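*Asks:* Fit chain E to the known structure of chain L by using the hints.
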Amino acid sequence: MSNELEILQRALQREKAARKQAEQILEGKSRELYLLTQELKDVNAKLEEGLTEKTSELQGVFGNLVDAYVLMDISGNVIKMNHSAEELFGYDINKEQLNIVKLIYKEDYEYAMTSFQELIFKGSFSDYQARVYTKHKGVRTVHINASLIHNKKNQPIAAQGIVRDITEELERKRIFEEQKKQLSAIVENSSLGIALTRFGKIIQTNKAFQNLLGYTPDELLQKEVKNISLKDEYEKSASNMQKMNDGEINNFSVNKRYVKQDGTIFWAKTNVAAVRNEDGSIKYQVALIEDITEQLEFEKQRDQLVKNLEKSNKELNDYAHIVSHDLKSPLRSMNALLTWLKEDYEEILDDNAHNSLNMLLKKVDKMDHLISGILKYASIDKVDHPKQNIALHEIVADIIDVIHIPDHITIEVATELPIIQGDKFRLQQLFQNLIGNAVKYNDKEQGLITVSCEQKEDFWQFTIADNGPGISKKYHDKIFQIFQTLDDKNESTGIGLSIVKKIVVLYDGQVWVESEEGKGTTFYFTLKNKI
Amino acid sequence: MGLTFLLIEDDEIERLKFTRVLQKNNYNHTLIEAENGEKALEFLESNKELPDLIFLDLNMPKMNGLEFLKILKSNPALRYTPVVILSTSNNHNDLKESYEIGIAGYIVKPLKYEDYADKIKCLIEYWSVNELIKR
Chain L
3 MSNELEILQR ALQREKAARK QAEQILEGKS RELYLLTQEL KDVNAKLEEG LTEKTSELQG
63 VFGNLVDAYV LMDISGNVIK MNHSAEELFG YDINKEQLNI VKLIYKEDYE YAMTSFQELI
123 FKGSFSDYQA RVYTKHKGVR TVHINASLIH NKKNQPIAAQ GIVRDITEEL ERKRIFEEQK
183 KQLSAIVENS SLGIALTRFG KIIQTNKAFQ NLLGYTPDEL LQKEVKNISL KDEYEKSASN
243 MQKMNDGEIN NFSVNKRYVK QDGTIFWAKT NVAAVRNEDG SIKYQVALIE DITEQLEFEK
303 QRDQLVKNLE KSNKELNDYA HIVSHDLKSP LRSMNALLTW LKEDYEEILD DNAHNSLNML
363 LKKVDKMDHL ISGILKYASI DKVDHPKQNI ALHEIVADII DVIHIPDHIT IEVATELPII
423 QGDKFRLQQL FQNLIGNAVK YNDKEQGLIT VSCEQKEDFW QFTIADNGPG ISKKYHDKIF
483 QIFQTLDDKN ESTGIGLSIV KKIVVLYDGQ VWVESEEGKG TTFYFTLKNK I
Chain E
1075 MGLTFLLIED DEIERLKFTR VLQKNNYNHT LIEAENGEKA LEFLESNKEL PDLIFLDLNM
1135 PKMNGLEFLK ILKSNPALRY TPVVILSTSN NHNDLKESYE IGIAGYIVKP LKYEDYADKI
1195 KCLIEYWSVN ELIKR
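Protein chains in written order, with this note's numbering: chain L, 3 to 533; chain E, 1075 to 1209.
Bound conformation, chain L alone (with noise of 0.2 Å):
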């Protein structure tokens, strides 16, 4: 029994140890289970983070792309647009349905299904440009490049674009073309030849160059400067070239000969101007060419015109002193021989004889005074005295002084007499002459002549108004032609009147004559404020 006993209470202990034994591995499999399953808990919580992160990334990408971009299935339909898209085409895929070919503009249809093909035989289309509709912008002009998604078995399952708006740009190169079209217009029809240089090389030339020189512009291009020049003219300019280049200048102009295709050579003022890089270095010269070889010809002719014209007028001036004095000489001759027989046989002549004598005389003093007109109305333009400030009241007191006046005759200035810039020789013959006559020709009893002067816009009006005998309307304009008296004293030489008009036209003046015969006659004349 005891034995029976100890038998099973062995055997019980047995599965005691053995109980425990295997509660022992459970607990220690329990354990490792735990362990795991923790374990896989965290690297769960770390792929999950992961993802998450990559997945705000990738949205932060699509939202901060500039360049649109769209998702779409193979029927396309647009799964996805990011933020740009959605500007571009002005749609909201949340709340409408969008399909792609709704946005294709008409005409570029056709060329988008083709690019459409490409892509699902290629799986990618780059650098398409076409048009699209969008719900706000109108047409716009878009850039795409795109590719097609696969899934696992390699089938296609969607397709991606990146869709940039190149309207702008498109819209800035036109204009900027245009620009560049009108600036060759320009050039090419400009009659000024233009080339472009970069030392001393020709690399651009317009029509007018090529027609001057008479090159092809391919021609031109395989030339330098000194090829179209002058050898001892090129060193001249080079020298400017220099200071250009040294940045002393920045233009110069110069006149130089050009040598054409066919050898001949032309004149032509050069205008070089300096095209520089930001460093001040030179870019290119840009020379301005134009042909003045006839214009210089017409400047030769014009110098010699103009200095025969001065010999011919230094002749006639000349020509009118040396007649004056070789007729003037006989006349002294004959004055003097004819005093001699006066004087030699007074006893001897009659009265008859005198009277001769003294006609004759008489003749050749107005002989003497005719020359003396002629002289004066010839170099009354040719001597030319420096300009003065001169006060004609002081010069009419003096002609008033000088000239003969009788009793019987007052001569009045009635207003005051301006100061005048101009030559002192010539007023004095235009008032002593218009006083002059006014005084000598006068008929009256009480003879009153009255000067005066008043101020007009830019010029003076003067008048000498007298009480003589009075012009008649019919010589109003004959008075002032040369050798055209009215009266046959023999002082009256008609040249007087000549000289005042002379006078008056040389200094852009005008001169009439208002009168009433047997009332006295009004002259007047005008004068510029400057002359």
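None of these hints come from the bench; they were simulated from the model. Everything numeric in this text was worked out from a predicted model, so none of it was measured. Take these hints with a grain of salt, some might be off.
[Said to hold, decoys possible] Pairs of lysine-lysine residues, derived as BS3-like cross-links and limited to a Cα-Cα distance of at most 30 Å, are as follows: (1) Lys309/L - Lys1193/E; (2) Lys446/L - Lys364/L; (3) Lys1136/E - Lys309/L; (4) Lys389/L - Lys316/L; (5) Lys1098/E - Lys365/L; (6) Lys124/L - Lys104/L; (7) Lys245/L - Lys233/L; (8) Lys364/L - Lys1098/E; (9) Lys56/L - Lys154/L; (10) Lys1195/E - Lys1144/E; (11) Lys1193/E - Lys442/L; (12) Lys476/L - Lys446/L; (13) Lys183/L - Lys262/L; (14) Lys313/L - Lys1113/E; (15) Lys1144/E - Lys365/L; (16) Lys378/L - Lys1113/E; (17) Lys309/L - Lys1144/E; (18) Lys1193/E - Lys344/L; (19) Lys368/L - Lys1144/E; (20) Lys364/L - Lys1195/E; (21) Lys1195/E - Lys368/L; (22) Lys108/L - Lys139/L; (23) Lys1195/E - Lys344/L; (24) Lys56/L - Lys155/L; (25) Lys1098/E - Lys378/L; (26) Lys1186/E - Lys1113/E; (27) Lys48/L - Lys154/L.
[Said to hold, decoys possible] Covered stretches of chain E (in silico footprint by chain L; criterion: 3 or more residues with CB under 8 Å from a CB of chain L, positions within the stretch not fixed): (28) 1086–1094; (29) 1116–1122.
No residue lacks a Cβ here, since even glycine has one placed at the ideal position from N, Cα and C.
*Replies:* Coordinates of chain E only, in the frame set by chain L:
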């Protein structure tokens, strides 16, 4: 004391006029006449006695008055003899050029003989009271 004048004048009547003025005024001056510049120079260069005064016409054939004057003034022996121009020309250039070369006077011949006689009389009386270089 009588002076010696050299009158250089191509016109015979002009020479007669001058002579008549001397005669009518009873001057005891001596008058030497030359028809032109060449003859005057010939006389001056050959004669030891120089005239006290030269009266010179400007407008003469061959050598004219100004040409004569230039030669005279460039000759050291002759340049101190005063020259008075007698001319019908009052041309500014003639006057200026004459004074530039060197003259002692310039008389414009008037038309009337009476006026001429007056002028010459004044002229001679003026020079009669002048001190002149004697050689």
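*Asks:* Each hint should be assessed against the structure and marked as holding or not.
*Replies:* Right, here's what the structure says about each hint:
1. Lys309/L - Lys1193/E: violated, 42 Å
2. Lys446/L - Lys364/L: Holds, at roughly 26 Å.
3. Lys1136/E - Lys309/L: Roughly 28 Å between the alpha carbons, so the hint for Lys1136/E and Lys309/L holds.
4. Lys389/L - Lys316/L: holds, 21 Å
5. Lys1098/E - Lys365/L: holds, 27 Å
6. Lys124/L - Lys104/L: Given pair Lys124/L, Lys104/L holds - Cα atoms ~24 Å apart, limit 30 Å.
7. Lys245/L - Lys233/L: This hinted pair holds, its Cα atoms lying about 19 Å apart.
8. Lys364/L - Lys1098/E: holds, 25 Å
9. Lys56/L - Lys154/L: OK: Lys56/L and Lys154/L at ~21 Å, within 30 Å.
10. Lys1195/E - Lys1144/E: holds, 27 Å
11. Lys1193/E - Lys442/L: holds, 28 Å
12. Lys476/L - Lys446/L: holds, 23 Å
13. Lys183/L - Lys262/L: holds, 29 Å
14. Lys313/L - Lys1113/E: Given that 30 Å is the threshold and the Cα spacing comes to 33 Å, the pair is violated.
15. Lys1144/E - Lys365/L: Given that 30 Å is the threshold and the Cα spacing comes to 38 Å, the pair is violated.
16. Lys378/L - Lys1113/E: The given pair, whose Cα atoms are some 35 Å apart, is violated under the 30 Å limit.
17. Lys309/L - Lys1144/E: With Cα atoms ~29 Å apart, Lys309/L and Lys1144/E stay inside 30 Å; holds.
18. Lys1193/E - Lys344/L: holds, 20 Å
19. Lys368/L - Lys1144/E: Roughly 36 Å separates the two Cα atoms, so the pair is violated.
20. Lys364/L - Lys1195/E: holds, 25 Å
21. Lys1195/E - Lys368/L: holds, 26 Å
22. Lys108/L - Lys139/L: Distance ~16 Å between Lys108/L and Lys139/L Cα, so the pair holds.
23. Lys1195/E - Lys344/L: Given that 30 Å is the threshold and the Cα spacing comes to 21 Å, the pair holds.
24. Lys56/L - Lys155/L: Cα-Cα ~24 Å, so holds.
25. Lys1098/E - Lys378/L: Given pair Lys1098/E, Lys378/L is violated - Cα atoms ~35 Å apart, limit 30 Å.
26. Lys1186/E - Lys1113/E: Between Lys1186/E and Lys1113/E the Cα gap is close to 29 Å, so the pair holds against 30 Å.
27. Lys48/L - Lys154/L: Given that 30 Å is the threshold and the Cα spacing comes to 26 Å, the pair holds.
28. 1086–1094: The restraint on the stretch 1086–1094 of chain E holds, since 5 of its residues have a Cβ under 8 Å from chain L and three suffice.
29. 1116–1122: Not satisfied, violated; 0 residues make the cut.
Consistency note: the structure conflicts with the earlier hints numbered 1, 14, 15, 16, 19, 25, 29.
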